[in-house]
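Engineer: The primary structure of each chain is shown beneath.
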Amino acid sequence: MTSIHPETQHAEAALDHSKTHHQLGFWRKYVFSIDHKVIGIQYAITGLLFLFFGFCLMMLMRWQLAFPGRALPVIGKLFGESNMPGGIMLPEFYNQLGAMHGTIMVFLGVVPLGVGGFGNFVVPLQLGAPDMAFPRLNMASYWAYFLGGVTMLVSFFVPGGAAQAGWTSYPPLANLVPTGQTLWILGMLLLITSSLLGSVNFITTIIQLRAPGMSFWRLPFFVWAQFVTAFLLLLAFPALQAAGVMQLMDRVAGTSFFMPEGLVVSGQVAQISGGGSPLLWQHLFWFLAHPEVYVLILPAMGIVAEVIANNTRKPLWGYRPLVFSVMAIGVLSFVVWAHHMFLTGMGTAMSAFFQTTTMIISIPSVIILTCLLLSLWGGSIRFTTPMLFALAFLPMFAIGGLTGLPLGLATADIHLHDTYYVIGHFHYIVAPGSLFALFAGVYYWYPKATGRYMSSKLGHLHFWPTFLFMNGVFTPMLIQGMQGVQRRLFDGGETYYHAQDVLWLNEVMSWSAWGMALFQIPFIVNFFWSLKRGAVAPANAWDATTLEWAAPSPPPHGNFATPPRVYRGPYEYSVPQHEKDFLAQFDPDTGAPAPVTV
Amino acid sequence: MSEVIPYTVETRPDTGVNNVKLGIWLFLSSEVMLFGSLFAGYILLRVGNPQWGHGQSELSVPMATLNTAVLITSSVTMVLAWAACMERNFSRFRLFMASTVALGGVFMVIKYIEYSAKFHHGFFPSTSTFMAIYFTFTGLHALHVLAGMVVNGYFWLPGAKMFHSEPQRFANRVETAGLFWHFVDLVWIFLFPVLYLL
Amino acid sequence: MRQLLGLPELASAHGGEIDQMIVWVHLLMALMFVGWGVLFVYMLLRFRRKRHPVASYTGVRTRASSYTEWSVVVAEAVLLAGFSIPLWSERVDDFPPEDESVIVRVSGEQFAWNVHYAGSDGVFGRTSPALVDPASNPVGLDRSDPAAADDVTTVNQLHLPVDRPAIIHLSSKDVIHSFMLNELRVKQDAIPGLDIPLWFVPTVTTAEMRRRLGDEQFNYEIACAQLCGIGHYRMRGFLTVHPQQEFDAWLAAESTAATEVGGDDFWN
Amino acid sequence: MGTGSDLDLHEHIDVKKHVRTYIVVFVSLMALTLITVAVSYLDLSTGPAVALALLIASIKGSLVACYFMHLISERKLILVTMGFTMLAFFAVLLGPLLTEINEVGP
Ligand code: HEA
Ligand code: HEA
Ligand code: CUA
Ligand SMILES: [Cu+2]
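Residue numbers (my numbering), protein chains in the order written: chain A, 64 to 661; chain B, 155 to 352; chain C, 12 to 279; chain D, 49 to 154.
To be clear, the hints were calculated from the coordinates, so they are not data collected in a lab. In this text, a Cβ means the ideal position worked out from N, Cα and C, and glycines have one as well. Do not rely on the hints blindly, as some may be mistaken.
[Said to hold, decoys possible] Facing chain A, according to a computed beta carbon distance under 10 Å, are these residues of chain C, among others:
no.: 1; residue: I33
no.: 2; residue: D132
no.: 3; residue: V197
[Stated by the list, open to error] Pairs of lysine-lysine, DSS-like flavour, derived with a Cα cap of 25 Å:
no.: 4; chain 1: D; residue 1: K65; chain 2: D; residue 2: K124
no.: 5; chain 1: A; residue 1: K520; chain 2: A; residue 2: K595
no.: 6; chain 1: A; residue 1: K643; chain 2: C; residue 2: K61
no.: 7; chain 1: A; residue 1: K520; chain 2: C; residue 2: K61
Please build the complete structure, drawing on both the sequences and the hints.
Structural biologist: Right, dumping it as structure tokens:
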């Protein structure tokens, strides 16, 4: 293989580019594209929009939580008499907002952005592959996701409004609420289909399309994270698929999969055959949903690892332990699900089992965090925008993860279950955790996708206030939860005596959330402004080592002008006796001794 | 598309498989989990219900036995169709593939007769948990049969063009379709005793 | 420590152990967070580009990290085996003898708690879903059953004697609710179709707690912790903990099978 | 493109032998089907009846998987994947049941 110079490659690729792309019309190129990069960007933009939408739902709820029963000025009346008569929110609307916030954030926001967006865009590039293994399947996967999203949005407009039984949709409640729930199930079935197609594609691509020289132990950590994530999606999602079909039958065909005999609903004996089990749903739901939470975090960890290695200018500390830890998380995440069900009447044996597995699965997380943390030691840290978000991820994930421990100990969970402590726990992981990592990813790979950097000034203006306000939203939740304030309360606890002492925090959280919204404006502006005006980035925008930086920016159809070859591990930064402070995977340089990874 | 995805047809030396083979097996993994979750539901509901409808007395065992035979036969014709492909014997391939599709059709017709008999006697999914499981599981399985018939039908008629241009690629595709078809058969092999005999 | 964490007042025998366990975990968490956090900030300062322009290829060589990880494993194992699992077993396996306890049936409905005492004969009357009438017979008690004659049912009012074990049989008429007594550290999902028993010993009477808090309005609340529909946020009942004699007097007075409906301010 | 690898050629040669195997498997499957139906009319008590029916079904399933789906001569990669799948399969199959059995209360 000849040496690969970004510049010459760019020229070659540009030629290639004009050849292949001429024939494709607008629709085939940008809408029904089968190019993994276009699909990745489609996923990412759709995901960001849904994140924003989910955030808007939440800001509405936060009004009601801060000022229960008060009319929302100006925009309140826009939501219609059936939702907010006179601008005052009804409980059924609050419940819709809550359920849909959870669903949208998890299934339509973070996962599509982390797996569909970054996974699609980056993984084939990092492998040195021309595309995903099944490009058409890839397109189908995006469109199934898109339809699923549309179904969820439409559900707000059917009689009775959207799903309102929580994102967990526990029956029998979910069997009794209005039509929106049926659309929720249909939407989920589409999203599940999308994820299954996607995960088959990812696994095949990673196993089959690695460039020559790219052995498994040379894969960037991000690819490993996506690999394990894909297995989680593949094996866990069908459980919800099955449960969804059963709930659909319960709702439309009158079966009783989840309803026992003798239900009395609003004073009437329910006309059903009975004989079902409400707990069956919970088992199947959590069999999916626990692995799903790791789907929310593993790609994020992958991004953080890439950004940290790049911005400390040194190899990741403990690459192998990191890889073994994600694998361990992958396997173990299938046997901890019932820690969400400790209070459903579990006996000692099973609760001991699930507590123990839950404690065990926290250990690989500790190892991952420790490795990432110790990677900083001896580095030469550049505080670029992606690095700021990646660094903030570490302590924020730590708070979220550590608060998982008391929840995982069943006896402590008696007090904390279904309180705001749980809400605080997982938001620390998914919001200033996953979301920050995703922001880091956007800033980091933006030059690859567009050929331009995002503004670092605006980036800082985005980061610092967001970091501050995130804690303003989520720390008070832990305090409220410790006091015993339950979650999903329409009035934020105003009715309850035991919530009175911490009620004032509701306003703090709401103002923080709205303040945070204000400081997303720099991000949105930056995102669009930099498309045309950002500083032009070279192909290897961050002096990085992994293969995506061997392709031109933006990479043409087919990615690499000459198929790349891999010579070494993914994080050879600051190799002794090498003149530059990085030695890329695709750099055939033979001057340096083959270093041994720690 | 000008660029070519490697290993769509030929096997990758270090993994020993091609993309399609790996892809279909991964897809089947998810199918295993789908039906696994359904069976988990069956077990939980059955154990929690002391008086359980006895399949034999509520469903038609002869019909189901016949259907089992039909599906197993179709699995054999499927695998023979693939063998014919490997031997590059086009007319034999056509014959076996046609039989596979036809047997799938027979299965569906018998299923239809069974369903209408149930409806006729006033048995609906809402009648009891047993009926709910019966209709849901066999319905989902029937959808799989239908999907398999569509795929097989495609390779039998319009898709068979490829036999002449890229025979090995075509054989791989038939093998892939076959793996799905055998899986559908395999699911039935478990559904049959669980629903009808126990 | 309890106050520092912001745990609520404590009013049950087992609650102390739960609190203690929560305190221990949070100590461990704080230790880990501060330990890693200090290291984190130190590294950010020491290894920033300005101060440390050339990165080291090998990074840190240390075994300290594995020792720390092993300590975390040990700490978690101690919490599990020493506290959580035995305490859980005490909650679900070691029920007090029935004749020494007060036995109550509680069932949730949208959006109220129905309470059912066996009355002086100690035998619960037969109940049936078909007999449920939301206004007059919320638990569906069969009045023709002789054992039902002296049964006491209330809505949203649970009364218990202090310092005596209470066994509650929890269920639900419609959807899943969660029975929560915050000050007693009790929480248990109420699931339709299941009868889940739980037990605890209240240790502080309502009157005593009022004195402690200096608040005459105080009442123990029965909260609902599981989303159960539009009225989830107001599905609130009350627990009154009496001295034994007072409780006996109350039960005797109620044993006339009268139904106490919506008496939220009954005890005030 | 389109040229078969060694593996494919190998299979090409073996097809005749394969076909014979398929027929044997087919006959066994049919026989086992009849056996399982016959056994179900024996009125065994629930325990043994379930065990026997599942045993026969498992044998039939393995025959289909091993021979029709060629698992018996499949690559390690596929076998490992299916191995993991089976672990998850048994987790979802048995986890809920075991938890249910351990439920407190009557
Ligand atoms: C991405 C999402 C995510 C992740 C990664 C986790 C991780 C963990 N979760 Fe969480 N969890 C959720 C999302 C997540 N969870 C959600 C969404 C819910 C609620 C669902 C609902 O009911 O709606 C939930 C609920 C939930 C419950 C149920 C609570 C209840 O309903 O009562 C439990 C109980 O065991 C639990 C436990 C844990 C544990 C032990 C971990 C462990 O894996 C955590 C391990 C991590 C650590 C231990 C951190 C170690 C780090 C350091 C030591 C480094 C320190 C570094 C610095 C300071 C720089 N979680
Ligand atoms: C991934 C999951 C995720 C994420 C990221 C979030 C993010 C947030 N969540 Fe959410 N939440 C859930 C998952 C999530 N949540 C779930 C599962 C529940 C439980 C639901 C239930 O009870 O059923 C819940 C419940 C929940 C509650 C409790 C409601 C209740 O119990 O009644 C609250 C209360 O404040 C809340 C608040 C917030 C806030 C303020 C954020 C903020 O952090 C949001 C910040 C968002 C942004 C900063 C978006 C920025 C995006 C852009 C700016 C895009 C720009 C676009 C382009 C450039 C194109 N959430
Ligand atoms: Cu009842 Cu919430
Ligand atoms: Cu979990």
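Engineer: So which of the earlier hints does this model not fit?
Structural biologist: Number 2 only.
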